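Here are the chains, one letter per residue:
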Amino acid sequence: MTARTNRRGFLATAGGAALVLVAVPGGLPTGVLPVGVAEAEALAGGATFEPNAFVRVERDGSVEVTVPKTELGQGVRTSLASLVAEELAVPLHVVRVRTADADPRYGNQATGGSSSVRTLFEPLRRAGATGRALLVRAAAQRWGVPDAECTAAGGGVRHPRRQPLPYGVLLADAAALDPAAVEVSLLPPERWRIIGRPQRRVDNADVLTGRARYGLDVTRPGGLVAVLARPPWLGAAPRSIDDTAALAVPHVVRVEALASGVAVLADDTASALRGRERLVVDWSGGEPAASSARWFEDLDAAVPPSPDGPAGTPFTASFRMPVLAHACMEPVNATAHVADDGTVRVWTATQSPEAVRRQAAELAGVDVSAVTVSVPLAGGGFGRRAETDVTEEAVRLSALVRRPVKVMWTRDDDMRHGSFRPASSHTLHAVLDERGVPVWRHHALATWPLTTAPVFGTPELVRAFGDRFGYDVPGAVDVRLIPSPLRTGFWRSVYAGQLVVAEEMFLTAVALHGGLDQVALRRDLLTGKPRLLTCLDAAAAEFGWGRRLPAGHAAGAACLDDYGSAVAVVAEVDCSGEQPRAVRVVVAVDVGVVVNPSGVRAQVDGAVSDAVSTAFGAQITVREGAVVQSSFRDYPWLRIDRAPVVDVVLVPSTADPGGVGELAYAPAAAAVAGAVHAATGRRPAGLPVVGAVG
Amino acid sequence: MRIRVNGDVRRVDAPGETPTLWALRDGLGVLGPKYGCGIGACGACTSLLDGRAFRPCSTPVTEIGDREITTVEGLSRDGSHPVQRAWAELDVPQCGYCQAGQMMSAVALLRRVPAPTDADVDEALRDNVCRCGTHSRIRAAVHRAARLQREERDR
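Line by line, the protein sequences are chains A and B.
Position 332 of the first sequence, counted from 1, bears residue number 331 in numbering that gives the first Met the number 0, the numbering being contiguous throughout.
Position 87 of the second sequence, counted from 1, bears residue number 86 in numbering that gives the first Met the number 0, the numbering being contiguous throughout.
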């Protein structure tokens, strides 16, 4: 007979006899092990085995891995579970992955900074290896053999002269052992069977059948849905509210004013939206004349002066970087239940579960221990879900009505009232030698702080997160911050998305000005950067740098080392038509040890999509106090018909894993913009390269 | 009123002007179609109406009439539909939020055009936004699904 594994576990029963299946990866035959009476009893009566907070082996031998980071589409549920599964010696497809609630047992649960795999590569492997060592010890004791004669594979422990023992029969024994009594060692890379091989997303089966549950899919018995009427211009507040018509809508149950707007609460979403349409609010105050064109004038004026450089030919260029919205596919939302029994539950796909927990406790006036924060899947994040604005609304409203409340931001709320990527104005100076090669540089810029992350309120922090100039040209970055007229926050790659794009566009401008080859110039300036140089050479080779391109086409290059990784991009654009289009983008990355090649490629695809989108028109502008854009109609994100071919080169590396989520955005955007410059002969004024910035 | 969803006749207790998306999600618990914009501008809710792609978010439920709605849940529960298989094989989803809509647009395309060209794919899927950048895998998956569908028919 045959039995098949599934994600729930690998116990199958036939004819009353318990059969435990041990799936052995790596080409060995899959064996079905009959379990004897004693083992069957152990199976029935045994405890689960939970050597630490991340690993649980169930009685049926199935494994649950708890992932302490939020799945935003970057694939952490897959990559992090892979680390545990590898060391626990179980195939990934038998692992059930759970996203952790906010809980100090899991350490830092904030998801951001392209840091999840980097920071958890060792701890999660160790968590899995601890479980393996204890299970091996349990088997060795039962057999009366030394641990060293046993190996773990395929969810069981093996010995050359014994019938393999599936984990399921070892749980009670393993749980009784003292973890400190076993030696935990990590597998050497040559024994990896999961790490480094493409793994499909563990959530695919659910996503592709509609079973996956995102924040907006959370429904609670007796729950209400809230949408808010938000200020029609920046900073406006209600002078008066007439909720008569809104409350007359069937199923609308309450209207409540919060600091961020006026909430309409209803039994269902459609009724809440209908109620919001009928709400009459007289708004006043704020900045009804605010204009992003004016903001850019202020930023331009605030750019610090450049000091005099050494002797040589001066070269100067200025760039503006736009305000950007995150525009997550799933608008931000949160569900909260401040219950009468003193407990608080929050369901939200947040990048900051611990902050949400503290915030909910404070708002509801309860101890943190009374608050449970559960984290469903997120329909995109990009930094937006690091913030706690929507959870504040949900907790406050639930505290008022004492029922579960789901706050949903509509698309226009999300586009107009989010926390934006700051705008900036950059002036770069270089002094060129007689060949046109820069021998000195100065980058002066003015931008806004991140108002939602007050620690990002100093020029030092901007430099710490954005000054990544890796070329051998002496110089400095001078940052001036002026007060932000908007709510601002983290956006994929944060300040590097402004500073690096400007610097790489500038370097391309230097090359084109002097008739120099963009790649050769960069190569010459990359002294002491072997990883970056390898990436640049790999990208140029894969692209076929130097070959003749069709009329109207041109290529641009850019590099970055950041997040413990290195990346180089060569992009080809076609400027022969009415609108430029990206034809092909080659990205070579050295991200150290690759955990999941399919995931790394996907992250690069995503960064390129963001780069092309922001290069070719997506920006937030403000007129008469209001954000102009309100949906994907006027925030033109890349569509399939304009999507370039993306070729990803994974440069082999044994370095510790680096970050990848944010890595390719800035160089890809700069490479695309540089390609347009090369194709048209006109230096773009910033991003987007078409139309006006601001 | 009653509507036909994924082979069942379901009772909807909502005003006729209610967008079909909310009748499905809040009324019937059919959560596969996603809210992304409410104005037919993103495609996250894309489902089929008598086999043709439509946007439940901007179709009042009263307009459904006798026609059959198919959501992603109606393709197959076990992921065995050729489009689901192709999406899984090529590991398409990132955040996954748009993918039900992408797949339903692909299903509608493959009903009309069993062997689509790249231009056909562009035309059929360009109004489905993917914010994560899965476009090239989507394209490959549509072609793969077309092949799987043909193989299934030939068997």
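Derived from the structure by calculation, the hints contain no laboratory data.
In this text the structure is predicted, and so the values were computed from the model without any measurement.
Mixed in with the good hints there might be a few duds.
Said to hold, decoys possible - One-sided and incomplete, this derived list gives chain A residues near chain B with beta-carbon spacing under 10 Å:
1. E70
2. N203
3. D205
4. T218
5. L376
6. S608
7. L637
8. V644
Glycine included, every Cβ here is placed at the ideal spot set by N, Cα and C.
How the hints compare with the structure:
1. The beta carbon of E70/A is positioned within 10 Å of a beta carbon in chain B (closest approach about 8 Å), and the interface hint is therefore held.
2. For N203/A, the shortest C-beta to C-beta distance to chain B is roughly 5 Å, which falls under 10 Å, so the interface hint holds.
3. For D205/A, the suggested interface contact is upheld, since its CB lies about 8 Å from the closest CB of chain B, less than 10 Å.
4. Taking 10 Å as the C-beta contact cut-off toward chain B, the hint placing T218/A at the interface holds, the least distance being around 8 Å.
5. At a threshold of 10 Å, the smallest CB-CB gap from L376/A to chain B is about 7 Å, leaving the interface hint in force.
6. Taken as an interface hint, S608/A checks out: its beta carbon lies about 3 Å from the nearest beta carbon of chain B, inside 10 Å.
7. With a least beta-carbon distance of about 7 Å to chain B, the hint placing L637/A at the interface is held under the 10 Å criterion.
8. Nearest Cβ of chain B to the Cβ of V644/A: about 7 Å, under the 10 Å cut. The hint holds.
Hint compliance for this structure: every hint is met.
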